[in-house]
Amino acid sequence: MTTTTLNHDEAHHHDMPTGWRRWLFSTNHKDIGTLYLLFALTMLFLGGASAMLIRLELFQPGIQLLDPDLYNNLVTNHALIMIFGAVMPAAAGLANWMIPMMIGAPDMALPRMNNLSFWILPAAATMLILSFVVPFFPGGGTQINTGWTLYPPLSVQVGMSMDFLIFAIHLLGISSVLASINIIVTLLNMRAPGMTLMTMPMFCWTWLVTAFLLILVVPVLAGGVTMLLFDRHFGTSFFDAAGGGDPVLFQHLFWFFGHPEVYILLLPSIGVLSHVIPAFSRKPLFGYKSMVGAMLTVATIGMVVWAHHQYTVGMSLGAVTYFMIGTILISIPVGLMIFNFIATMWRGAMTFETPMLFAVAIILMFTFGGLSGVMLAVVPADMQYHDSMFVVAHFHYVLMPGAVFGLFAGVFYWLPKWTGHMYDETLGKIFFWTNVIGFNITFFPQHFLGLAGMPRRIVDYNMMFTEFNVISSVGAIIFGLSHLLLLYIVIKTIRGGKKAESRAWEGAKGLEWELDSPPAFHTWTVAPQIK
Amino acid sequence: MRIPKYQTPELRNKNVRLAWVLGGMAIFFLVTSFPFWTGLFRIVGTQAMP
Numbered sequence: 001m002t003t004t005t006l007n008h009d010e011a012h013h014h015d016m017p018t019g020w021r022r023w024l025f026s027t028n029h030k031d032i033g034t035l036y037l038l039f040a041l042t043m044l045f046l047g048g049a050s051a052m053l054i055r056l057e058l059f060q061p062g063i064q065l066l067d068p069d070l071y072n073n074l075v076t077n078h079a080l081i082m083i084f085g086a087v088m089p090a091a092a093g094l095a096n097w098m099i100p101m102m103i104g105a106p107d108m109a110l111p112r113m114n115n116l117s118f119w120i121l122p123a124a125a126t127m128l129i130l131s132f133v134v135p136f137f138p139g140g141g142t143q144i145n146t147g148w149t150l151y152p153p154l155s156v157q158v159g160m161s162m163d164f165l166i167f168a169i170h171l172l173g174i175s176s177v178l179a180s181i182n183i184i185v186t187l188l189n190m191r192a193p194g195m196t197l198m199t200m201p202m203f204c205w206t207w208l209v210t211a212f213l214l215i216l217v218v219p220v221l222a223g224g225v226t227m228l229l230f231d232r233h234f235g236t237s238f239f240d241a242a243g244g245g246d247p248v249l250f251q252h253l254f255w256f257f258g259h260p261e262v263y264i265l266l267l268p269s270i271g272v273l274s275h276v277i278p279a280f281s282r283k284p285l286f287g288y289k290s291m292v293g294a295m296l297t298v299a300t301i302g303m304v305v306w307a308h309h310q311y312t313v314g315m316s317l318g319a320v321t322y323f324m325i326g327t328i329l330i331s332i333p334v335g336l337m338i339f340n341f342i343a344t345m346w347r348g349a350m351t352f353e354t355p356m357l358f359a360v361a362i363i364l365m366f367t368f369g370g371l372s373g374v375m376l377a378v379v380p381a382d383m384q385y386h387d388s389m390f391v392v393a394h395f396h397y398v399l400m401p402g403a404v405f406g407l408f409a410g411v412f413y414w415l416p417k418w419t420g421h422m423y424d425e426t427l428g429k430i431f432f433w434t435n436v437i438g439f440n441i442t443f444f445p446q447h448f449l450g451l452a453g454m455p456r457r458i459v460d461y462n463m464m465f466t467e468f469n470v471i472s473s474v475g476a477i478i479f480g481l482s483h484l485l486l487l488y489i490v491i492k493t494i495r496g497g498k499k500a501e502s503r504a505w506e507g508a509k510g511l512e513w514e515l516d517s518p519p520a521f522h523t524w525t526v527a528p529q530i531k
Numbered sequence: 001m002r003i004p005k006y007q008t009p010e011l012r013n014k015n016v017r018l019a020w021v022l023g024g025m026a027i028f029f030l031v032t033s034f035p036f037w038t039g040l041f042r043i044v045g046t047q048a049m050p
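One line per chain: the protein sequences are A and B, in this order. Residues in the first sequence are numbered from 1 upward in steps of one, following the working numbering. Residues in the second sequence are numbered from 1 upward in steps of one, following the working numbering.
Just so you know, these hints were derived from the structure itself, not from any lab. Glycine is no exception: its CB is placed at the ideal position from the N, C-alpha and C atoms. Some hints could be false.
Simulated restraints, written as ranges between beta carbons of each label pair [said to hold, decoys possible]:
no.: 1; chain 1: A; residue 1: Gly194; chain 2: B; residue 2: Val16; range: 21 to 27 angstroms
no.: 2; chain 1: B; residue 1: Trp20; chain 2: A; residue 2: Thr142; range: 39 to 45 angstroms
no.: 3; chain 1: A; residue 1: Pro61; chain 2: B; residue 2: Gly23; range: 50 to 56 angstroms
no.: 4; chain 1: A; residue 1: Leu481; chain 2: B; residue 2: Thr8; range: 48 to 54 angstroms
no.: 5; chain 1: B; residue 1: Thr32; chain 2: A; residue 2: Met198; range: 31 to 37 angstroms
no.: 6; chain 1: B; residue 1: Ile27; chain 2: A; residue 2: Arg22; range: 31 to 37 angstroms
no.: 7; chain 1: B; residue 1: Gly23; chain 2: A; residue 2: Gly194; range: 26 to 32 angstroms
no.: 8; chain 1: B; residue 1: Gly23; chain 2: A; residue 2: Arg282; range: 41 to 47 angstroms
no.: 9; chain 1: B; residue 1: Leu11; chain 2: A; residue 2: Ile458; range: 52 to 58 angstroms
no.: 10; chain 1: A; residue 1: Ala49; chain 2: B; residue 2: Gly23; range: 32 to 38 angstroms
no.: 11; chain 1: A; residue 1: Arg347; chain 2: B; residue 2: Thr8; range: 46 to 52 angstroms
no.: 12; chain 1: A; residue 1: Gly194; chain 2: B; residue 2: Trp20; range: 23 to 29 angstroms
no.: 13; chain 1: B; residue 1: Trp20; chain 2: A; residue 2: Phe521; range: 28 to 34 angstroms
no.: 14; chain 1: A; residue 1: Met463; chain 2: B; residue 2: Ile27; range: 51 to 57 angstroms
Chain A residues, not near chain B, derived (Cβ > 10 angstroms throughout) [unchecked claim]:
no.: 15; residue: Ile63
no.: 16; residue: Leu70
no.: 17; residue: Gly159
no.: 18; residue: Met160
no.: 19; residue: Ala192
no.: 20; residue: Gly318
no.: 21; residue: Ile325
no.: 22; residue: Leu487
no.: 23; residue: Pro519
Modelling step: build the complete structure from the supplied sequences, incorporating the hints.
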């Protein structure tokens, strides 16, 4: 995209509903984006609270605060809340806010479906929370002690809380699929005249691929948990060997969803980086076409390597060899993306505002998580690491920097655009450093714990693991509390601060920066002409 | 909630058509990517046997 002719009409504030109707009946992409982001922030604190409880319990050996089932219920809920409640809605929030503004569209293609996609989420979250709460009531049955993978036969034996969870997953899946359909239709049908797919902003590309991935894999999870529901209540034996079924089938179904889900979480953040790094390096993104190619390759290979999560379940040598090679191959396109980011920074006039600090941290820490991923992809090595704290360290190094830090970078990058105010840069940097240092203190020692043999998802541990667990728990407290600062910064920025210009960052490029900060309630009601 | 002014009937039809195609794709994956129906029929058949 080189030049744009801006002939957008005057700001449209007159059509803005007020009060609760504005939010409940909203079809405005900016309002729905805000709702998604607020929802995600709430769930981040809920999921974070469960993580803090887990780390408090693991502060020393023995059982202090939580009985084993409650501990495992917290582990289950922490994962589900963070993945489905925090990261995915936050990414959808960014998509809702930014995609129409980036492609010169007045709104999402299907605004009423957009409203439905969001408002399913609070209902799903209620079900998810109920699945945690129900066992505390008389007759509520047992806690969900399966972990987020919900493997049978344990998940068939759990009490009624599992039914709440299955229902929550169905609702979350419906919400995700509807949102994905909306995003794909918007990107394919609503781009401004002159904007081709290969000149579309990279954030839009990452979301296009993410949305297709969601449509491909979420229905499979829905099918898996539906069969689970049938096994629990309707006398079927899909996953019961005694009835002719196979519990490993569920693992395949779950990971057919679960592995692409990792890329679903990562790709929107890669999209954010593709804007933040060029903006603060004051250079265009290096290798746009190769980024698109790499992303499509990651998505394609990522769809067919799911069983590397199940090496220990007992597969043929040919199968595990295939899954091992496929998994290791993914590191090539991912590495290409990282090299493109580094090449973008190379000889750029770089400055290190908070979004850029997060971007640099992501490159370093996500690469580290990727390297431990290659270790886990190797079958004989994985036989040793499997279900140890090493795996916990690995996926937190992938998902926190790869997904969550990317979202933080996006929030800090676009917050001036959304609110019309610059955030407090000093506080932003304090948040970055406490967050990143807290994260590393929490998760780096877990590599050593795992290699020394500490299993995950167990409430107690051997005395020999105490020191590293103490360090990890102290780090978790720093890490967890640092998010209160994020909340403060966001509230402070919404309430006031230095006025943000239309182009809040000197190096920022794209249609969204041609609009006022904050943008009018309706924008691009007349499409810009891209030349 | 009403149809936004910017959506011409042509654009709206185009959007809704693509949405149905994508929705159909999701349903296709739901019912065919796992052995739900074959398994159900097999199990129902087994249970029906004396």
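**Item:** 10 angstroms Cβ clearance of Gly318/A from chain B
**Value:** Non-interface label on Gly318/A holds, nearest chain B Cβ at 22 angstroms vs cutoff 10 angstroms.
**Cβ separation of Gly23/B and Arg282/A, checked against the hinted range 41 to 47 angstroms** = Cβ of Gly23/B to Cβ of Arg282/A: about 43 angstroms, so the range 41 to 47 angstroms holds.
**Asked** Within 51 to 57 angstroms or not, the Cβ separation of Met463/A and Ile27/B?
**Response** At roughly 54 angstroms between Cβ atoms, Ile27/B and Met463/A fall inside 51 to 57 angstroms, so the hint holds.
**Request:** May I ask you to test the hint 26 to 32 angstroms on the CB atoms belonging to Gly23/B and Gly194/A?
**Result:** Holds, since Gly23/B and Gly194/A (Cβ atoms, about 29 angstroms apart) stay within the stated range.
**Message:** Confirm or reject: Met160/A is not an interface residue toward chain B, with every Cβ-Cβ distance exceeding 10 angstroms.
**Reply:** Non-interface label on Met160/A holds, nearest chain B Cβ at 23 angstroms vs cutoff 10 angstroms.
**Request:** With 39 to 45 angstroms as the target window, see if Trp20/B and Thr142/A comply at their CB atoms.
**Result:** 42 angstroms, holds
**Asked** Is the gap between the beta carbons of Trp20/B and Phe521/A within 28 to 34 angstroms?
**Response** 30 angstroms, holds
**Prompt:** Holds or violated: is the Cβ of Pro519/A farther than 10 angstroms from all Cβ atoms of chain B?
**Reply:** 15 angstroms, holds
**Message:** Please verify that the nearest CB of chain B lies beyond 10 angstroms from Ile63/A's CB.
**Reply:** 39 angstroms, holds
**Request:** Take the C-beta atom of Ile27/B and the C-beta atom of Arg22/A, compute their distance, and say whether it sits inside 31 to 37 angstroms.
**Result:** Given a distance of about 33 angstroms, which is inside 31 to 37 angstroms, the answer is holds.
**Asked** When you look at the beta carbon of Leu487/A, is every beta carbon of chain B farther off than 10 angstroms?
**Response** With a cut-off of 10 angstroms, Leu487/A remains clear of chain B, as the shortest Cβ separation is near 31 angstroms.
**Item:** Range hint 50 to 56 angstroms (beta carbons of Pro61/A and Gly23/B) holds or violated
**Value:** 52 angstroms, holds
The structure shown violates none of the earlier numbered hints.
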